[in-house]
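Each chain, written out:
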Amino acid sequence: MTLENDHVCFKVNGKQYSVNEDKNTPLLFVLREYLGLSATRFGCGEGTCGACTVIINDEAILSCDVPVGEIEGKSVETAEGLQREPNNPLFRAFIKHQAGQCGYCLSGILMASNALLRKDPFVSRAKIAKALDGNLCRCGAHKRILDAIEEAAKTVLDNT
Amino acid sequence: MIPPSPLSSSPLLGHWVKLSEKNTLVFFSGRVELGQGNTTALVMMIADELDVLPSSIHLETARTDLTPNEGITAGSMSITIGGVALRWVASALKYQILEIASKQLKTQPSNLYVQSGYIYQKGKKTELYLSDTFDKIDFNRKIIDDVRLKSFEERQKSFPNINRIDLESRLVDAPFIQDITFDGMLYGAPVHPPSTYHHLVKINLANLKGRPGVVKIVKNGSFLGIIATSFYHARNAAIWARSNGIWKSTLTDPIDHLKKLKCSDNELDTVIDSKDLRKNSGRWFETSVSRPFIYHGSIGPAAAVAKFEDEEILIYSHSQGVFQLRQAIANVLQKKEDQICIIHKPNSGCYGHNGADDAAFDAVLMAKSVPGKFLKVIWSRFDEFHSSPMGAAMVTKSRALLSSDKRVIAFDVEVNSTPHTTRPNSKIPNLRAASYLSKPVVSVRTPDVPLERGGGADRNASPSYDIDNLRVRKRIVYDTPYRTSALRSLGAYCNVIANETLFDKIAKELNVDPIKFRLDHVSDPRSREILERLADETLSDTSNTIDDGTGWGLGFARYKGSGGYCGVMIKVNIDETVQVTDAISVSDVGEAISKDGVKNQVEGGIIQSISWTLKESVPVDGFSATAESWSDYPILKFSEIPNLRTILINRPTEKPLGAGEISQGPTGAAIVNAINNAIGVQVTELPITRDAIIAKLHSAT
Numbered sequence: 001m002t003l004e005n006d007h008v009c010f011k012v013n014g015k016q017y018s019v020n021e022d023k024n025t026p027l028l029f030v031l032r033e034y035l036g037l038s039a040t041r042f043g044c045g046e047g048t049c050g051a052c053t054v055i056i057n058d059e060a061i062l063s064c065d066v067p068v069g070e071i072e073g074k075s076v077e078t079a080e081g082l083q084r085e086p087n088n089p090l091f092r093a094f095i096k097h098q099a100g101q102c103g104y105c106l107s108g109i110l111m112a113s114n115a116l117l118r119k120d121p122f123v124s125r126a127k128i129a130k131a132l133d134g135n136l137c138r139c140g141a142h143k144r145i146l147d148a149i150e151e152a153a154k155t156v157l158d159n160t
Numbered sequence: 001m002i003p004p005s006p007l008s009s010s011p012l013l014g015h016w017v018k019l020s021e022k023n024t025l026v027f028f029s030g031r032v033e034l035g036q037g038n039t040t041a042l043v044m045m046i047a048d049e050l051d052v053l054p055s056s057i058h059l060e061t062a063r064t065d066l067t068p069n070e071g072i073t074a075g076s077m078s079i080t081i082g083g084v085a086l087r088w089v090a091s092a093l094k095y096q097i098l099e100i101a102s103k104q105l106k107t108q109p110s111n112l113y114v115q116s117g118y119i120y121q122k123g124k125k126t127e128l129y130l131s132d133t134f135d136k137i138d139f140n141r142k143i144i145d146d147v148r149l150k151s152f153e154e155r156q157k158s159f160p161n162i163n164r165i166d167l168e169s170r171l172v173d174a175p176f177i178q179d180i181t182f183d184g185m186l187y188g189a190p191v192h193p194p195s196t197y198h199h200l201v202k203i204n205l206a207n208l209k210g211r212p213g214v215v216k217i218v219k220n221g222s223f224l225g226i227i228a229t230s231f232y233h234a235r236n237a238a239i240w241a242r243s244n245g246i247w248k249s250t251l252t253d254p255i256d257h258l259k260k261l262k263c264s265d266n267e268l269d270t271v272i273d274s275k276d277l278r279k280n281s282g283r284w285f286e287t288s289v290s291r292p293f294i295y296h297g298s299i300g301p302a303a304a305v306a307k308f309e310d311e312e313i314l315i316y317s318h319s320q321g322v323f324q325l326r327q328a329i330a331n332v333l334q335k336k337e338d339q340i341c342i343i344h345k346p347n348s349g350c351y352g353h354n355g356a357d358d359a360a361f362d363a364v365l366m367a368k369s370v371p372g373k374f375l376k377v378i379w380s381r382f383d384e385f386h387s388s389p390m391g392a393a394m395v396t397k398s399r400a401l402l403s404s405d406k407r408v409i410a411f412d413v414e415v416n417s418t419p420h421t422t423r424p425n426s427k428i429p430n431l432r433a434a435s436y437l438s439k440p441v442v443s444v445r446t447p448d449v450p451l452e453r454g455g456g457a458d459r460n461a462s463p464s465y466d467i468d469n470l471r472v473r474k475r476i477v478y479d480t481p482y483r484t485s486a487l488r489s490l491g492a493y494c495n496v497i498a499n500e501t502l503f504d505k506i507a508k509e510l511n512v513d514p515i516k517f518r519l520d521h522v523s524d525p526r527s528r529e530i531l532e533r534l535a536d537e538t539l540s541d542t543s544n545t546i547d548d549g550t551g552w553g554l555g556f557a558r559y560k561g562s563g564g565y566c567g568v569m570i571k572v573n574i575d576e577t578v579q580v581t582d583a584i585s586v587s588d589v590g591e592a593i594s595k596d597g598v599k600n601q602v603e604g605g606i607i608q609s610i611s612w613t614l615k616e617s618v619p620v621d622g623f624s625a626t627a628e629s630w631s632d633y634p635i636l637k638f639s640e641i642p643n644l645r646t647i648l649i650n651r652p653t654e655k656p657l658g659a660g661e662i663s664q665g666p667t668g669a670a671i672v673n674a675i676n677n678a679i680g681v682q683v684t685e686l687p688i689t690r691d692a693i694i695a696k697l698h699s700a701t
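As they're listed, the protein sequences go chains A and B. Residues 1 to 160, numbered by our numbering, are exactly what the first sequence covers, in order. Residues 1 to 701, numbered by our numbering, are exactly what the second sequence covers, in order.
Derived by calculation from the structure, the hints in this document are not laboratory data. Be aware that a few hints might be false.
Unchecked claim - Sample of chain A residues facing chain B (criterion: CB under 10 Å; computed from the structure):
1) Lys11
2) Gly14
3) Leu37
4) Gly43
5) Gly69
6) Thr78
7) Gly100
8) Leu106
9) Pro121
10) Phe122
11) Val123
12) Cys139
13) Gly140
14) Arg144
15) Leu146
Said to hold, decoys possible - Restricting the straight-line Cα-Cα distance to at most 25 Å, the calculated cross-link-like pairs of lysine-lysine (DSS-like) are:
16) Lys615(B) <-> Lys130(A)
17) Lys219(B) <-> Lys96(A)
18) Lys124(B) <-> Lys142(B)
19) Lys103(B) <-> Lys122(B)
20) Lys637(B) <-> Lys127(A)
21) Lys637(B) <-> Lys154(A)
22) Lys96(A) <-> Lys260(B)
23) Lys125(B) <-> Lys136(B)
24) Lys119(A) <-> Lys209(B)
25) Lys637(B) <-> Lys130(A)
26) Lys219(B) <-> Lys202(B)
27) Lys615(B) <-> Lys127(A)
28) Lys11(A) <-> Lys74(A)
29) Lys23(A) <-> Lys150(B)
30) Lys96(A) <-> Lys136(B)
31) Lys209(B) <-> Lys368(B)
32) Lys202(B) <-> Lys142(B)
33) Lys122(B) <-> Lys142(B)
As the list claims (entries may be wrong) - Quick look at which bits of chain A chain B covers, simulated, 3 or more residues with Cβ under 8 Å:
34) 45 to 51
35) 79 to 87
36) 150 to 160
Being a predicted model, the structure only gives us computed values, none of them experimental. Where a beta carbon is used, it is the ideal one built from N, C-alpha and C, also for glycine.
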């Protein structure tokens, strides 16, 4: 079977998708509205809050800022992917530290920190904090979130 | 024992518990989970009283068709009132269960108890499951007739702390109101006028209708709603409409709200006047603290889902008061309340009265034109910053009288504020769009919260010390173009800053240690313990106070004078920027149900308050708020978070008190005091930006 040219093909959490939408539609809306993957949150839609952060080819990216046409052939990871990984060090550390209150910002922070630890598991607390400056948290759970990521980084190191 | 207030309107067991078809019990609470973790604590309280595991409790919250009406979930009363009510419910339920079991086992109820889902008799498990008794429970019995609350000692045997029951789904699943979907659902985007003084003059509806994905346009007076096949399309069409429509303000000159706050013509309303201040002599000290408008700043914008069918309306909303919202919508649409059902669904934190209720009404206005269809509204960030109520702007002037023996013997506080509580209710709709419909329903002035209910603008205007001679006056300034309503802790934040910085000012002048000075003015042992613990915790560091722009500062208050106690010590470092480097807090909320939940609330309150105090101010132009995105309204970032040490004094024999609003005022005060200790200026016009400090230093020289 060949797909028409106006389809965009990409993977999300390892699963292949083919989407026939306006290629300018930001990935965020494609994920939430057409693929039913709602763990990626809509916060501002203009790249200023970080709630929609996903991982594309190992990079943390704001999904509201990427037209779906640009991800042809790429591999996207969203927070849903972690549902199948209950032993994921980050996920476990967030639960252990009860790192969150309303939790709206958390899936974006999970993805941002996931990408960060993959690149550099030796990352310092200060660098984790700096890397998350684009992710807004209004409840003030920042300390717990940093505690969780720091601990997850140690777990990742211990396991490698 | 006086029954908790919700039991007067919902006295029967069946108001709070129902038997499901699967022979399980479903509990009901009128309290709303706002992300603060209250449902976890409520579940813990039920499970504890019933002697079952928290994981076995099914709790449904805040729906007009099922749960008791417990009013607005606000003011840190979820546990104190809502949780204690559920304890009574669980206790009455257990009494019936043991009574039923005793008949089956032919023994006295007093010989029986519950453990791990079984009925036990004299240390031995019987053959009866708890659930074997459920079909005989009489749900029409009055709770107060059966209640036998556990003693404190019995409670001590309870299970340890548990994790938040809803955190996992919030991390990796889709539990939010934005995530609700139904087959054939449509999407609505409102286009609100820039302020409630504006009206829509012109918009090309045909062009708007022709935008991609647009199904229908709803125009009702100055309210414009766009219905589309997707949120993306609705949102894009709304952006187009905003830049192509023309709105005009009925205001011709800008209003300087700060000037109005500082010298309004409105009379001051005296709320406390214990003695005649003039009878005392001594030296007066005074301060004036102002706070700007502050956004609630929910990360997830306001949202709602609504459906109109056969004159009945179903609404999903993240309102803090689903019953009050129902009254307001019924009032505006001239419906009967029982024609409207509102079900609460979580959104991101609201921190007070944000756009939740307004978005629900927007959804109803649009759903009305597509009967039988579910319609979801999600506000844009622009809507959040322009259309939702903001936290009130305030100016608090405090004066303290120092006697010749160096005691503060009188306090005189004048609070000036825009309104703190313009929530929807049965008489006053307070729904944004209602005021500019073609048949507008204008909301009259909503009175401030009376002091006996914790106060609004005047909350914590009385300092938390032994000062008998007290006067508190307040002035609510209504006539500004801005819509303001409840933001976490209401007036307490500004008032605690005023009173606590005044205390520091006097202590500094007298060259007395600020903790000692406060201890000299408070006899209440719980307050004293907070202050003494803070002194111990910071002793090693405070001994070398001022060096190179660093300093510690203290803030302390008992929230509302009757709620939780919180003392905060803040260390600042001032160079290129103002940075809070350390925050040590000691809190006492009586019996802490979820200890980690309490700490999480205190920490969150501290961080949010640092953000308010150092960074936040809604930009306004005299006609409306002007922020369009987060870049116009920076909040505290991860790299700006201090080291936090959060100490909780648990008092299991004392009444449980809320924790969500105890730390904001003390934190703000501690920051102002710390800055004063670091560089010798008291900056009292918030926020305390670098520029504000430089301006203050210049004016001091």
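Hints versus structure:
1. Taken as an interface hint, Lys11(A) does not check out: its beta carbon lies about 18 Å from the nearest beta carbon of chain B, beyond 10 Å.
2. For Gly14(A), the interface hint is violated, since its Cβ never comes within 10 Å of a Cβ in chain B; the closest pair sits about 15 Å apart.
3. Nearest Cβ of chain B to the Cβ of Leu37(A): about 8 Å, under the 10 Å cut. The hint holds.
4. Hint status for Gly43(A) relative to chain B: holds, with the closest Cβ pair at about 5 Å, below 10 Å.
5. Below 10 Å, beta-carbon pairs count as interface contacts, and Gly69(A) has none with chain B, the closest being about 14 Å; its hint is therefore violated.
6. Interface hint status for Thr78(A): upheld, as the beta-carbon distance to the closest one in chain B is roughly 9 Å, under 10 Å.
7. Because the smallest distance between the Cβ of Gly100(A) and any Cβ of chain B comes to about 6 Å, under 10 Å, the interface hint for this residue holds.
8. The closest approach between the C-beta of Leu106(A) and any C-beta of chain B is roughly 5 Å, which is under the 10 Å cut-off, so the hint is satisfied.
9. Look at Pro121(A): its Cβ only gets to about 19 Å from chain B, farther than 10 Å, so that hint breaks.
10. With its C-beta approaching chain B no nearer than about 18 Å, Phe122(A) sits outside the 10 Å limit, and its interface hint is violated.
11. Because the beta carbon of Val123(A) sits about 13 Å from the nearest beta carbon in chain B, more than 10 Å, this interface hint is broken.
12. Given hint, Cys139(A) at the interface with chain B, holds; its Cβ is 5 Å from that chain's nearest Cβ, closer than 10 Å.
13. Interface restraint check: Gly140(A) against chain B, minimum CB-CB distance 3 Å, threshold 10 Å, status holds.
14. For Arg144(A), the interface hint holds, the least distance from its beta-carbon to any beta-carbon of chain B being 7 Å, beneath 10 Å.
15. Because the beta carbon of Leu146(A) sits about 7 Å from the nearest beta carbon in chain B, less than 10 Å, this interface hint is met.
16. Taken as a hint, the Lys615(B) and Lys130(A) pair is honoured in the structure, with Cα atoms around 18 Å apart against an allowance of 25 Å.
17. At most 25 Å may separate the alpha-carbon atoms for a hinted pair to count; Lys219(B) and Lys96(A) exceed this at roughly 50 Å.
18. Restraint check for Lys124(B) and Lys142(B): the C-alpha separation of about 31 Å exceeds 25 Å, so the hint is violated.
19. Between Lys103(B) and Lys122(B) the alpha-carbon distance is near 16 Å, which keeps this suggested pair within the 25 Å criterion.
20. Annotation: proposed proximity of Lys637(B) to Lys127(A) holds, straight-line Cα distance about 13 Å (limit 25 Å).
21. A C-alpha spacing of about 23 Å is found between Lys637(B) and Lys154(A), which places the hinted pair at or below 25 Å, so the restraint holds.
22. Proximity of Lys96(A) to Lys260(B) is assessed by CA-CA distance (about 50 Å); at most 25 Å being required, the pair is judged violated.
23. At most 25 Å may separate the alpha-carbon atoms for a hinted pair to count; Lys125(B) and Lys136(B) meet this at roughly 21 Å.
24. Among the hinted pairs, Lys119(A) with Lys209(B) is inconsistent with the structure: their alpha-carbon atoms are about 48 Å apart, more than 25 Å.
25. Using a Cα cut-off of 25 Å, the hinted pair Lys637(B) and Lys130(A) holds, with the two alpha carbons roughly 9 Å apart.
26. The suggested pairing of Lys219(B) with Lys202(B) holds, with an alpha-carbon distance near 11 Å, which does not exceed 25 Å.
27. The straight-line distance between the Cα atoms of Lys615(B) and Lys127(A) is roughly 22 Å, inside the 25 Å bound, and the hint therefore holds.
28. Of the pairs offered as hints, the one joining Lys11(A) and Lys74(A) holds, with about 6 Å between alpha carbons and a cut-off of 25 Å not exceeded.
29. Between the alpha carbons of Lys23(A) and Lys150(B) the distance comes to roughly 63 Å, so the proposed pair goes past 25 Å and is violated.
30. Distance check on the hinted pair: Lys96(A) and Lys136(B) sit about 41 Å apart at the alpha-carbon level, beyond 25 Å; violated.
31. For the hint pairing Lys209(B) with Lys368(B), the CA-to-CA distance comes to about 18 Å; that is within 25 Å, so the pair holds.
32. About 59 Å separates the Cα atoms of Lys202(B) and Lys142(B), which puts this hinted pair outside 25 Å; it is violated.
33. A C-alpha spacing of about 29 Å is found between Lys122(B) and Lys142(B), which places the hinted pair above 25 Å, so the restraint is violated.
34. With 5 residues bearing a CB less than 8 Å from a CB of chain B, the segment 45 to 51 of chain A meets the requirement of three and the coverage assertion stands.
35. For the segment 79 to 87 of chain A, the stated coverage by chain B holds: 4 residues have a C-beta nearer than 8 Å to a C-beta of that chain, and at least 3 were required.
36. Only when three residues or more bring their CB closer than 8 Å to a CB of chain B does the claim for the segment 150 to 160 of chain A stand; here the count is 0, and the claim is violated.
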